[in-house]
Structures are given as structure tokens and as C-alpha cells.
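Please arrange chain B on chain A, whose structure you already have, making use of the hints.
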Amino acid sequence: MALRDAFRSKEDRVSEQGALSGVRVPEASAGDTQPVISVRGLDKIYGSGLRALSGIDLEIRRGEIFALLGPNGAGKTTLISIVCGIVNPSAGRILVGGHDIIREYRITRSMVGLVPQELHTDMFETVWDTVRFSRGLFGLAPDAAYLERVLRDLSLWDKRNEEIMTLSGGMKRRVLIAKALAHEPAVLFLDEPTAGVDVELRRDMWALVRRLRDTGVTVILTTHYIEEAEEMAERVGVIHKGKLILVEDKQALMAKLGKKQLTLHLQSPLPGIPATLAGWDLTLNNDGSELELTFGADEEQACIPALLRSMGELGIEFRDLNTRQSSLEEIFVNLVSERK
Amino acid sequence: MNATQFNIHGVRAIYRFEMTRFARTLWQSLATPVITTVLYFVVFGAAIGGRMGEVDGVTYGAFIVPGLIMLTVFTESLNNASFGIHMPKFTGTIYELLSAPVSAVEIVLAYVGAAATKSVLLGLLILLTASLFMPVQVLYPGWMLFYLVLVAVAFSLAGFIIGIWARGFEELQFVPMLIVTPLTFLGGAFYSIDMLPGAWRTVSLFNPVVYVISGFRWTFHGSGDVSMGISLAVVSGLIGLGLLLVWGIFRTGYRLKS
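In the order they appear, the protein sequences are chains A and B. This note's numbering puts the first residue of the first sequence at 1, with every later residue one more than the last. This note's numbering puts the first residue of the second sequence at 1001, with every later residue one more than the last.
No wet-lab data here; the hints were simulated from the structure. For clarity, every value in this text was computed on a predicted model and none was experimentally measured. All C-beta atoms in this analysis are idealised placements derived from N, C-alpha and C, irrespective of residue type, glycine included. Watch out, some of these pointers could steer you wrong.
[As the list claims (entries may be wrong)] Label-pair ranges, simulated between beta-carbon atoms:
{"no.": "1", "chain 1": "A", "residue 1": "211", "chain 2": "B", "residue 2": "1031", "range": "44 to 54 angstroms"}
{"no.": "2", "chain 1": "B", "residue 1": "1048", "chain 2": "A", "residue 2": "169", "range": "53 to 63 angstroms"}
{"no.": "3", "chain 1": "B", "residue 1": "1258", "chain 2": "A", "residue 2": "248", "range": "48 to 58 angstroms"}
{"no.": "4", "chain 1": "A", "residue 1": "172", "chain 2": "B", "residue 2": "1240", "range": "53 to 63 angstroms"}
{"no.": "5", "chain 1": "A", "residue 1": "141", "chain 2": "B", "residue 2": "1141", "range": "30 to 40 angstroms"}
{"no.": "6", "chain 1": "A", "residue 1": "211", "chain 2": "B", "residue 2": "1244", "range": "43 to 53 angstroms"}
{"no.": "7", "chain 1": "A", "residue 1": "172", "chain 2": "B", "residue 2": "1236", "range": "57 to 67 angstroms"}
[Claimed, not checked] Away from chain B, derived, C-beta distances all over 12 angstroms, residues of chain A:
{"no.": "8", "residue": "158"}
{"no.": "9", "residue": "168"}
{"no.": "10", "residue": "208"}
{"no.": "11", "residue": "214"}
{"no.": "12", "residue": "245"}
{"no.": "13", "residue": "280"}
{"no.": "14", "residue": "294"}
{"no.": "15", "residue": "296"}
{"no.": "16", "residue": "308"}
{"no.": "17", "residue": "321"}
{"no.": "18", "residue": "327"}
{"no.": "19", "residue": "336"}
Chain A on its own, in the form it takes in the complex:
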């Protein structure tokens, strides 16, 4: 099974290589071209009248890391909660692994693991009991060896006999991840996985997500930390006021909407931009001592050497230069503010 591979010890992996490598859960191997999650025309209007989602169409590819971005209250958690069965949809249809989440909920829910945003944990249960509980709840027979690997991988093995209430916030978050992985899901939802989490755990979490992806698990994370999406995701969806305003490969998105800037620190200030340089998108800052070129992320090849050549011909010298590329955050802020 795909997920089991992630938690197999190194020795296991070596000894079983060839025999088991490439063995995937049946749901994961059936038709890899089919999206693992397909959302069509999804609306959600809460009892209070609040329209949380409208007309969401989304396909998640098998085995990808997908980041759902959006400001607080955009509808990210509602979308995830509907796929997991916690919130009822008002309209639309959702398939997980080709199965309807309402009619075939047993199949779809056993494929999906959820790590909620809030630290909802039991208090008096031990770590071991709670992961055992989760595995059973999702219909699987006990498997102490598998659960041990999950706990070890999350650095929870030493804490297995401790009551959850005695653990720190970061440890509780790990417990929630262990619970979500206890039933070997093919799809893992991480709702704001690194909200309020220290740097070390954040790095651990990113490493874990990559490991899971390498074994064929599809990971969908919501975040409003763009850094996280930029670091992790292969594709990005932006949700704003209940609408999915964009779904794009991260690289393509950065190339399409990302801007690059070249800043040249000049030897001596210029009074104005020379007429021969009018063809470039230039601004003069800092009393004429900095020349800033803005260009699209895909035109960098031709742009910079030509500018430098022209400047050389004009006798404009510079003592330093730096370039920067706009982050997903800026792209995101631009996208969202355009729609306000």
C-alpha cells in the first residue's frame, strides 16, 4: 500500500524492494488519469444564510500536492469539510476516487484523512489509544507495527503512553496528523497545518508531506501562508469570498503573474531617465541613485543584458545590482485586491 511505504523502516524498504515497490492501494492504481477528487458545481449556503461557497469546480490530480489559498473566511475549511463529510453541500456533486461522497460515503471516507485546523483532541486518552481508535473507527483491523512507524515518524513514539492533555501544542498537532494517517488514506487534507507552529515542526511537516507524496498520497493543504504554498505545492488554487478564482500550476502562475525587478545602484545619480532607455519599464528612485527595471518573469533572458549594454554605451555605471521575484504572496494580494 502506498502510505505504508512512507512508514516502513529503511531495512524493510531495502528487503522488500522489488517485491513491493510500486504496489499501490487499489483505489490509487485504478485509472491514474482520473482525478482523485472531482468537485462540480458545489454551493454551500449555511442555515444563517451565509453563502460560503458558490459554483466551485475543481479537480485534484492523483498524487499531487495542491495548495488552497485564501484569506480567512474565504471558504477553504468549508470546502474541505464538505469533501470529508462534516458539512452537507447545498448543491453540486463531489467524487473521491470516482465514488460519490454521499452515496458511497464508506468508500470515499476511508480514502480520506483529515487534519483539522483547530487542535481538537481528547484529553485523557493516551497517544497510543487515540491512534488505535482512529484506525478502528475508519474500519481497519489493528496493526500495531504500522501505527508504531507512524508515531516514530512523527517523533511521537516516546510520548505514546502520555495523556494527550499533557502534550504541547506542537505535539498535539503531530497527534492529529498521526490520527489522520492511522487508516492509510490515499488523500490527506491538511487544514492550515502550520498555523501557530514553530519553525522546526514546520520543516518536519513539509518533509513529511513530501514523503507522503513520494508514496503516492495526494495532499491538499489550505493555508494563508503563501510561503507554505510556494515551498510545497505543485498547483495552487485561490479561493476568495467562496469562489475559486484561479487554479494554476505554481510555476505557470509565477511566470504569468509574477514580476521580476532589477535594481541597479548607480555610481552617480541621474537627473532623469535618458531618452534612449525609454523602451524599458524603468523608474528612478532614491534621488536618482537607483534605477529599477520591472519585467515579466519570462522575459528575463533578453531584457537584462540589452539594458546593461545600452547603459554601458551611455556611460552610466553602477556599483551593485540585485534582482527579486515577486512571491506568491504578492500575486495573491494582487489577485484578491483586484476583486475587491
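Chain B only, in chain A's frame:
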């Protein structure tokens, strides 16, 4: 897991979780009802009962044993079942239950089953305690056990519904304290309704708890306020009503899903 397979592991996990909770608080779980019952025996059985004649052909002390067991079973079933499902709602851990491949039937079976198990064990423990104070005879032990299980299931089911309905701990206490306890006291736990004046006897017959207690008393002494058939019908009716409400809750997601 396929679309129709019964999730036995899921039922077991919830049942085990609930029974562990019970075991963790074993001392409180057992001591409180037992001590309360002992107090009742001392007050009603020994102090007052000694001055009273026989009721339904048995001593007053023996007469109140079934009623006292029922009183505990009602209270404990309601408390345990309502708390069991209300806690996950309160702490938020219910997300896991709602996202798991468990059906409504499985959830009810596990939560109500666990609460009913505790109540039956407590009922038997109180029977044992009572027999230390006075000779207690059970005329139909098989029926007694069967009926005890039925009543525990009926009230655990009610507790489960209250646990979902309640929006806070105050509401959780509301139904047991304000409805069930008075109905139980007026339902013949400590007296036969034949001892009441005519008009009050008629009023009492509108109290379903009268029928429930009467049936249990029949399994002990072979007589009750109403016939055993009617008692069984009332308890079955309560279970049926509970199942209907639970079905409605899960169909609409009432106070579980938005």
C-alpha cells in the same frame, strides 16, 4: 471497505473508547450510585420501612428494590449516553466521527450499547448491594435481565438524543433533572400507585415511567401496577420512538452537521 460492509472495527473502537472512559472513572462511576442507593435503603427501607406494612405481599424494603434499581438505571443511562456524545461535540473531536466511514446505525449501536452496558452492570451491582441489606427474591431472573437490558437501551437512546440536542452542559442536565427525576419519583419507585387516591392514580397512568417500573417489579415479585405485557409494550414503544428521533437526527444532520 466497500459501500455496504458493516464497520465492525468502527463500532468496536467507539465502544471500547466509551468503556475505557467508564473504567478510568470506575471509582466515581460505581461509588456514587451505590452510596446513594445505600442511603435510600437506610432511610426508606430501614427507618421508614420498618413502620410500614407489606406492599404487594412483600416487605416495604424488598418492594422498593426494583424501583431503586430502575431509578439508577434511568439516571446513569441518560447521563452516560448524553455525556458520551456531547463531549466530542463540546471539544470538537466529533469531526473525526463525522468524517469516518461509520453509519448512523453503527454510531448508535456503539454509543448506546456502551452506555447501556454500564447501566446494566450498575443495576446488577445495586441488586447485589440491596441483597446485603435484606433478602431479595427475583421470581423471574431471565425476564429481569432481559427487561433490565431493554430499559437501559431505551434510556441510553434517550440520553444519546439529549446529548446531541443539548447546546451546553446546562441543557444536558435539564431533561434528567427536571423531567426524568420527578417522573421517576411520581412513577412508583417508592410506592404502588394503588396506594394513591383515585384521581392521582388516574393522573399517574399518564406517566410512562409508571409502566416501566411496574414491569421490572413484576420480574421480582410477580405483580405490578399494570400487566407485564403493557410494560413491555411501553418500553418497546420508547425504544421505537428513540430510534425514530435518531433516524431523523442523522437524516437531517440536526445539531451535528451544518
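Outcome of the hint check:
no., hint, result
1, 211(A) <-> 1031(B): 44 to 54 angstroms, "holds, 49 angstroms"
2, 1048(B) <-> 169(A): 53 to 63 angstroms, "holds, 57 angstroms"
3, 1258(B) <-> 248(A): 48 to 58 angstroms, "violated, 31 angstroms"
4, 172(A) <-> 1240(B): 53 to 63 angstroms, "violated, 42 angstroms"
5, 141(A) <-> 1141(B): 30 to 40 angstroms, "holds, 37 angstroms"
6, 211(A) <-> 1244(B): 43 to 53 angstroms, "holds, 48 angstroms"
7, 172(A) <-> 1236(B): 57 to 67 angstroms, "violated, 45 angstroms"
8, 158, "holds, 22 angstroms"
9, 168, "holds, 18 angstroms"
10, 208, "holds, 20 angstroms"
11, 214, "holds, 25 angstroms"
12, 245, "holds, 24 angstroms"
13, 280, "holds, 54 angstroms"
14, 294, "holds, 46 angstroms"
15, 296, "holds, 43 angstroms"
16, 308, "holds, 57 angstroms"
17, 321, "holds, 52 angstroms"
18, 327, "holds, 32 angstroms"
19, 336, "holds, 26 angstroms"
Hints 3, 4 and 7 from the earlier list are contradicted by this structure; the remaining hints agree with it.
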